[in-house]
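Number of protein chains: 2
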Amino acid sequence: MNTKIDEFIEENRELYIKWLTEFCRIPSVAAQNRGMEDAVSYLDDLFEEAFSITPEKLPTKGFPVVYAELEGKSDKILSFYNHYDVQPEDPIELWKSPAFEPDIRDGKIFARGVADNKGNLIARIAAIHAIKQVGLELPVDVKFIFEGEEEIGSLNLPAFAKEYAEKIHADGCVWEFGYRDADGALQVSLGVKGMLYVELSVEAANTDLHSAQAAIIESPVWKLVWALNTLKDQKERITIPGFYDDVESITQLDEEMLAHYRLDEAETLNKLGIEGFLLNLEGMALKRKHLFEPTCNICGIFSGYIGEGTKTVLPSSATAKLDFRLVPGQDPEKILLQLRQHLNNQGFEDITIKVTSSERAARTIPDREIVKAMIEVANQYSDKKPNIVPNTPGTGPMYELCQALGIPSASFGVGNFESNNHAPNENIYVDDYIEGIKMAAALVFEFSRQYDKQGSVG
Amino acid sequence: MNTKIDEFIEENRELYIKWLTEFCRIPSVAAQNRGMEDAVSYLDDLFEEAFSITPEKLPTKGFPVVYAELEGKSDKILSFYNHYDVQPEDPIELWKSPAFEPDIRDGKIFARGVADNKGNLIARIAAIHAIKQVGLELPVDVKFIFEGEEEIGSLNLPAFAKEYAEKIHADGCVWEFGYRDADGALQVSLGVKGMLYVELSVEAANTDLHSAQAAIIESPVWKLVWALNTLKDQKERITIPGFYDDVESITQLDEEMLAHYRLDEAETLNKLGIEGFLLNLEGMALKRKHLFEPTCNICGIFSGYIGEGTKTVLPSSATAKLDFRLVPGQDPEKILLQLRQHLNNQGFEDITIKVTSSERAARTIPDREIVKAMIEVANQYSDKKPNIVPNTPGTGPMYELCQALGIPSASFGVGNFESNNHAPNENIYVDDYIEGIKMAAALVFEFSRQYDKQGSVG
Chain Z
1 MNTKIDEFIE ENRELYIKWL TEFCRIPSVA AQNRGMEDAV SYLDDLFEEA FSITPEKLPT
61 KGFPVVYAEL EGKSDKILSF YNHYDVQPED PIELWKSPAF EPDIRDGKIF ARGVADNKGN
121 LIARIAAIHA IKQVGLELPV DVKFIFEGEE EIGSLNLPAF AKEYAEKIHA DGCVWEFGYR
181 DADGALQVSL GVKGMLYVEL SVEAANTDLH SAQAAIIESP VWKLVWALNT LKDQKERITI
241 PGFYDDVESI TQLDEEMLAH YRLDEAETLN KLGIEGFLLN LEGMALKRKH LFEPTCNICG
301 IFSGYIGEGT KTVLPSSATA KLDFRLVPGQ DPEKILLQLR QHLNNQGFED ITIKVTSSER
361 AARTIPDREI VKAMIEVANQ YSDKKPNIVP NTPGTGPMYE LCQALGIPSA SFGVGNFESN
421 NHAPNENIYV DDYIEGIKMA AALVFEFSRQ YDKQGSVG
Chain F
1 MNTKIDEFIE ENRELYIKWL TEFCRIPSVA AQNRGMEDAV SYLDDLFEEA FSITPEKLPT
61 KGFPVVYAEL EGKSDKILSF YNHYDVQPED PIELWKSPAF EPDIRDGKIF ARGVADNKGN
121 LIARIAAIHA IKQVGLELPV DVKFIFEGEE EIGSLNLPAF AKEYAEKIHA DGCVWEFGYR
181 DADGALQVSL GVKGMLYVEL SVEAANTDLH SAQAAIIESP VWKLVWALNT LKDQKERITI
241 PGFYDDVESI TQLDEEMLAH YRLDEAETLN KLGIEGFLLN LEGMALKRKH LFEPTCNICG
301 IFSGYIGEGT KTVLPSSATA KLDFRLVPGQ DPEKILLQLR QHLNNQGFED ITIKVTSSER
361 AARTIPDREI VKAMIEVANQ YSDKKPNIVP NTPGTGPMYE LCQALGIPSA SFGVGNFESN
421 NHAPNENIYV DDYIEGIKMA AALVFEFSRQ YDKQGSVG
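Residue numbers (the working numbering), protein chains in the order written: chain Z, 1 to 458; chain F, 1 to 458.
Certain hints may be false.
Just so you know, same-sequence chains aren't split out, so a pair can sit in one copy or run between any two.
[Unchecked claim] No more than 27 Å apart at the CA atoms, straight line, and that leaves these computed lysine-lysine pairs for DSSO-like: (1) K235 / K162; (2) K18 / K223; (3) K4 / K132; (4) K223 / K235; (5) K167 / K334.
Quick caveat, the hints were computed from the structure, so don't treat them as lab data.
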């Protein structure tokens, strides 16, 4: 904690809020190829304003990675991984203010992407800006790595990470997300689940038909329903043969961390308006399922007539979008093969599978400098003990960008318990945002200090 | 066949085509409450132009029934049942010309509703117009009964039929639809299947969530998939207990009619671009399933994100629209109770069922005047023997409007083998339309003649 920096940040609240709301005005929806160039161009302008440099645009097969380095005193390197793309704003009609017209009310900023992930991205730029503006030198080198395809599965990031392995090398990486619990405690997260995202499609007749024909013409919707039904049973067990084979056992350390990890059960149920969790789980069993078990979720399903009233139609095609969240040990490539084999074995050879995301899970052990620094900063800025999340249920390319390159990674950020990521009315508290800037600044020094301690001890 | 009438119809081709295309311009989609008043108003104008009368608008709880009577020589009554509503035009993008801008090309008129059912409706008005214009008296009383809710399940027609039973009484009813086979043979249809149309809905959390939550929060889509899977197995057997209990046995007469009935197997497969029918059925087994077996079809299913690309979301609700086509003996009210009970027994008490259509099947035996007259006219206008369809796989309120009131009903009309009812690029041949007008005119006289014959024999 540095009073001078924090005072500067307070004095420049309006500037930093302006940076964020301007950035949130850009509808950078990678899935729909909207506003992506504008987002990159905005970052160009912002780096020019903040640091008088133009960031590099490192090419990928998709949207470029925006990259910048700022030199510090020591040979240690701290990197910040964020993404400038956001989720689509559907269902649009449930937004209380337009998704891409940031609205400040009740102490919160509402906008698509404000929590995931533009709030953190801008807060981290603002933190380095503040350090430099008060005339301090950075204690470590800082690297910014901003990708444009996180919300569409970071399909091109593994190749990027391989190609630019030397360039993006770091001693610790601050991951992109971060939230507070319902009671305000800051979460510090040490891992992410992997993901296999697939679209299953069935085609039948070459046109929609009068549903009287359903007596004798095959229905693609029924085929899809029957196929989906073979993937997971009502006890939530995924029934693809071999699916659980490579799941790593939960260690004693995991169990201990899980015991300390706090899940706001009552608040979550209350917020969502539901009576209980899946399978009526609670306590350790609930936490274990949340953080350490893979999922098979239907993100969307569509076929035929879904408008108002009645239409009697036999649809000609049907599609479902599925995401499997994977845990350490599971290989999305192998799961994909198992899925294909299983569908074939069940008689669904003609269901096509399109892969749109394939990522491995990643973990960092708590005994690393980046983790210890983050916990220390969290303690400095709050009376509440931070909530250590041994493995978050979310996903990101942490394996490819960090674990595979030997870079420890952990995460905290400006989101809250009701930030509504990926959902309507996404938001962060203005105060959390400003405090997030202060904590990011403090982290840079605390990260450096962890190495100094080692030096003084050794 | 009356040469004078037919010549008059030929001379007035353009007028009758104009009537039809004008009517098809009106997007009278009952499901979406579009253009319904305009359609009624157009019929007002047309009856004024054709017969110098204004039809009655008989109220129902929904859209009114347009009704008119024209007096004839005898005490026999022939009624025409048609509907002025049409199906929604989805999927819009597959129309080659706009659905509500009738386009004449390759000898066909393309427009939503032109086959189902505006072509037949206008052809029958035109037929009576032609008879009167050439100075002939109608041999029987003629009644027009045009409802506005056929495409949304005729939910208000049973009450209407009871209230106006005396008014709509007839000795024979010409039903609304009619098609030609691929070889041009005219179909004469003697019955319709019944229908139960339901929307199944599941609600879970009060908002869409990040799909990471799928590990611990219930998914409404999975619940819907699992529930649907319990309704029909992969052998196409509907698995709701009791569903088949009341299905009437197929009689010897049915089997004989079925043997004569021609189903264009190769042409149908070719047209639809598929390799085989459901369960690889063919011949008698295929025909029996088509005409005499009930269905459970998914007209539409929707949940979550269905747009381009990837969105990782746990949806908050899921909906499926189902139609059950029922056969003689089955009571839609009873099937509904069985469905509810079955879902409850399977643990799906919280799936809601909304009924949007409930109709019984209806049949007319071939030995009735209306049937004999129709076959006679079909023979007069074609070298090809008409194809007698003992029971069509489609649905309409024939039970409520005819069978329950003791009125025999049969059907022929202006549609063709590729009319695409309920689908994009709906069409009829201009020549079929003109010939349909001639046949409707001839039917009025032939229907009367059937009674004269009986008189001369008795």
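Checked hints:
1. In the homo-oligomer, the alpha carbons of K235 and K162 never lie at most 27 Å apart, since the shortest distance is 40 Å inside one protomer and 50 Å across protomers.
2. Within a single copy, K18 and K223 get their C-alpha atoms no closer than 51 Å, and across copies no closer than 44 Å, so neither meets the 27 Å cut-off.
3. Taking the shortest alpha-carbon separations for K4 and K132, only the intra-copy value of 11 Å comes in at or below 27 Å, while the best inter-copy value is 99 Å.
4. Proximity of K223 to K235 under the C-alpha cut-off of 27 Å is found in both arrangements, the shortest distances being 22 Å within a copy and 11 Å between copies.
5. Within a single copy, K167 and K334 get their C-alpha atoms no closer than 30 Å, and across copies no closer than 71 Å, so neither meets the 27 Å cut-off.
Violated hints for the displayed structure, listed by number in ascending order: 1, 2, 5.
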